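Participant: Residue numbers (the numbering used here), protein chains in the order written: chain A, 338 to 593; chain B, 98 to 401.
Please note: incorrect hints may appear among the correct ones.
[What the hints assert, rightly or not] Sample of chain A residues lacking proximity to chain B, with all beta carbon distances greater than 10 Å (derived):
#, residue
1, 423
2, 465
3, 478
4, 495
5, 529
6, 588
[Said to hold, decoys possible] Derived list of chain B stretches under chain A, where covered just means 3 residues or more per stretch with a C-beta under 8 Å from a C-beta of chain A:
#, segment
7, 136–145
8, 152–158
9, 177–186
Simulated from the structure, these hints should not be mistaken for lab results. The structure displayed is predicted, hence computed values, not measured ones. Where is the CB? At the ideal position from N, CA and C, for every residue including glycine.
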Amino acid sequence: MEVQQFEKLREDAHQKLMAMHYRAGVGHLGGNLSCLDSMLTLFAEVMTPADRFVLSKGHSAGALYIGLWALGLLEEEELATFHQDGTRLPGHPPSNLLPGVFFGTGSLGHGLSLAVGQALALQLSNQSGTVYCLTSDGEWQEGSMWEAISFAVAKELSNLTILVDYNGWQGFTRTSEFNSLETLELKLKAFGLATERVDGHEPSAIRSALMEGGSSLGCIILETVKGKRWTSRENSLASHYVPPTLEDIENFRGGK
Amino acid sequence: MRDEFTGAIRDIFDNEDFVFLTGDLGFGAFEELRSAMGANFINAGVAEQNMVSVASGLASEGKKTWVYSIGPFLYSRAAEQIRDDVGIHRLPVVLVGNGGGLGYGVMGPSHLAFDDYGSLLTNPGMTVLVPNFSETVRNHVSTAQKAQAPVYLRLGPDVKEPEDYHPQTHGQWTRHLKGGSGVLVSCGSLVAEYSVHFSSIPASERPSVWSLNSFPIDPQGLPDLLLKELAARHKILFAEEHVWQGGLGMQLSSLLVSRSFQVGREVQWRGVDERVLSNYGSRAWLLELFNLSSGQVSDWFSTS
Numbered sequence: 338m339e340v341q342q343f344e345k346l347r348e349d350a351h352q353k354l355m356a357m358h359y360r361a362g363v364g365h366l367g368g369n370l371s372c373l374d375s376m377l378t379l380f381a382e383v384m385t386p387a388d389r390f391v392l393s394k395g396h397s398a399g400a401l402y403i404g405l406w407a408l409g410l411l412e413e414e415e416l417a418t419f420h421q422d423g424t425r426l427p428g429h430p431p432s433n434l435l436p437g438v439f440f441g442t443g444s445l446g447h448g449l450s451l452a453v454g455q456a457l458a459l460q461l462s463n464q465s466g467t468v469y470c471l472t473s474d475g476e477w478q479e480g481s482m483w484e485a486i487s488f489a490v491a492k493e494l495s496n497l498t499i500l501v502d503y504n505g506w507q508g509f510t511r512t513s514e515f516n517s518l519e520t521l522e523l524k525l526k527a528f529g530l531a532t533e534r535v536d537g538h539e540p541s542a543i544r545s546a547l548m549e550g551g552s553s554l555g556c557i558i559l560e561t562v563k564g565k566r567w568t569s570r571e572n573s574l575a576s577h578y579v580p581p582t583l584e585d586i587e588n589f590r591g592g593k
Numbered sequence: 098m099r100d101e102f103t104g105a106i107r108d109i110f111d112n113e114d115f116v117f118l119t120g121d122l123g124f125g126a127f128e129e130l131r132s133a134m135g136a137n138f139i140n141a142g143v144a145e146q147n148m149v150s151v152a153s154g155l156a157s158e159g160k161k162t163w164v165y166s167i168g169p170f171l172y173s174r175a176a177e178q179i180r181d182d183v184g185i186h187r188l189p190v191v192l193v194g195n196g197g198g199l200g201y202g203v204m205g206p207s208h209l210a211f212d213d214y215g216s217l218l219t220n221p222g223m224t225v226l227v228p229n230f231s232e233t234v235r236n237h238v239s240t241a242q243k244a245q246a247p248v249y250l251r252l253g254p255d256v257k258e259p260e261d262y263h264p265q266t267h268g269q270w271t272r273h274l275k276g277g278s279g280v281l282v283s284c285g286s287l288v289a290e291y292s293v294h295f296s297s298i299p300a301s302e303r304p305s306v307w308s309l310n311s312f313p314i315d316p317q318g319l320p321d322l323l324l325k326e327l328a329a330r331h332k333i334l335f336a337e338e339h340v341w342q343g344g345l346g347m348q349l350s351s352l353l354v355s356r357s358f359q360v361g362r363e364v365q366w367r368g369v370d371e372r373v374l375s376n377y378g379s380r381a382w383l384l385e386l387f388n389l390s391s392g393q394v395s396d397w398f399s400t401s
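Just need the whole structure built from these sequences, with the hints factored in.
Facilitator: Structure, rendered in structure tokens:
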């Protein structure tokens, strides 16, 4: 995709995500804004039809839906049903209702093992394709994450790429209380993963890291800002919970 | 039942879309299977939560996936993974719990599966298969392999069919013995042991022995013969290696009550209660503790 075209898509995607949360009056927006750039880059610039994506941080469902819209897999009208009764777009991804979204995630610490299972299936069948799994940073306090990593390394799943949305916030505190960025990276390396840190809001850096990941089991740590571009709530715990206001929508800085 | 199970798995493994995961268990049982299955036999290590979710990931890609461990290490340790990743997605993952009921005896309550089917049946689309005699394991394995939804297979202690044994199958139910002194309803290895015990007792002096072979109970599938015997006999006993909550006795009796069905005149449930948490002994000793041994059950039916 041309740079200008991607930037336009990115701008529109951010506006639509904000509007979607505003209309629905729901939170979880901060963690959606922290990962939208990486999801858009992954979906629009990197993934092929042979690849899989698992959203382990299921509370970023809004960004996922916007990503599907960006790919033309969801109509704009359907975005208006976000969080509404009878919707296909609930607060966490539904199970096997949307194209390319098989797993209904939500409880943290599940998606990575599911992705590992998919990667193992591809490996056993000698099929091509990479499985991408986007995790949160707080999620790495779940023990099952480390079970998954141990297994993935033992099985040499070179077709698995893990992304960590390191926005520095979790449900009720800063993630540094449990895992500083440095500590988390050290642990991941100690478990046998190749890691790379990139600016999670810089598409070219994300793209390079994803494309260079190649044939090894790796983890890309996306250094992000919770509530990125949401002027009044950027880098705050509140961005996890409060919905945007009309003023927030008007003041939103878009894709820049 | 593990030997029969292993043999049955070995026989149905025929292509790359069959994957068997074990939670670091199988010494003395799975070595040959491991060799035969090659890369499709996977020791997932001591990490049951991951193992169950990995199984879901495999199943989502079209792999028929079996997961093996000691019962509670699956249904209790990985309860949320079974609920969210297997159950909600209705994936055809087969969970195999060894030591069903009180099988691990003196190993203690951490290893005892006295609350397996009651808790597992709360999961969407879950079928629980409960072999009784070892000879029935193969059929259950075949059923599980064909299933398009989650299955839990409860493996218990080995009990071989007696000679001159002629059970009658009625859908998910089996009448193992016809008798005149009452009706005994049970499941798993326990019912097999009861059948062996009562097979040497004259029909007029023993109860009819029935087993439920799979859960959930099909409300429309209750055999007329069972209902007839439950209505006609004086003594009715529901016995199981399981707690009351969600157990065979609770499920069957609530079903009968919902139909305003009159059951016998002396009805009793025997099963596992919280004493299992602080009393340690062999399975045989624990069965005695809970009045579930063949002798105790036989005594109850023989007293007027």
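Participant: Looking at residue 529 of chain A again, its CB stays over 10 Å from all of chain B?
Facilitator: holds (14 Å)
Participant: Using Cβ atoms and 10 Å as the threshold, tell me whether residue 465 of chain A really stays out of contact range of chain B.
Facilitator: Residue 465 of chain A clear of chain B: closest Cβ-Cβ about 13 Å, beyond 10 Å.
Participant: At 10 Å, judged by beta carbons, does residue 495 of chain A keep clear of chain B as stated?
Facilitator: Given that every Cβ of chain B is farther than 10 Å from that of residue 495 of chain A, nearest at about 15 Å, it holds.
Participant: Residue 478 of chain A: least C-beta distance to chain B exceeds 10 Å?
Facilitator: Answer for residue 478 of chain A: holds, closest chain B Cβ roughly 14 Å.
Participant: Test coverage of the segment 152–158 of chain B by chain A using CB-CB distances below 8 Å; three residues minimum.
Facilitator: holds (count 7)
Participant: Count the residues of the segment 136–145 of chain B whose CB lies closer than 8 Å to any CB of chain A, then report whether that count reaches three.
Facilitator: Holds, because 6 residues of the segment 136–145 of chain B bring their Cβ atoms closer than 8 Å to Cβ atoms of chain A.
Participant: Closest CB-CB distance from residue 423 of chain A to chain B, is it above 10 Å?
Facilitator: holds (18 Å)
Participant: Taking C-beta pairs only, is residue 588 of chain A more than 10 Å away from all of chain B?
Facilitator: holds (38 Å)
Participant: Do three or more residues from the segment 177–186 of chain B put their C-beta atoms closer than 8 Å to C-beta atoms of chain A?
Facilitator: holds (count 6)
Checked against the numbered hints above, the structure violates none of them.
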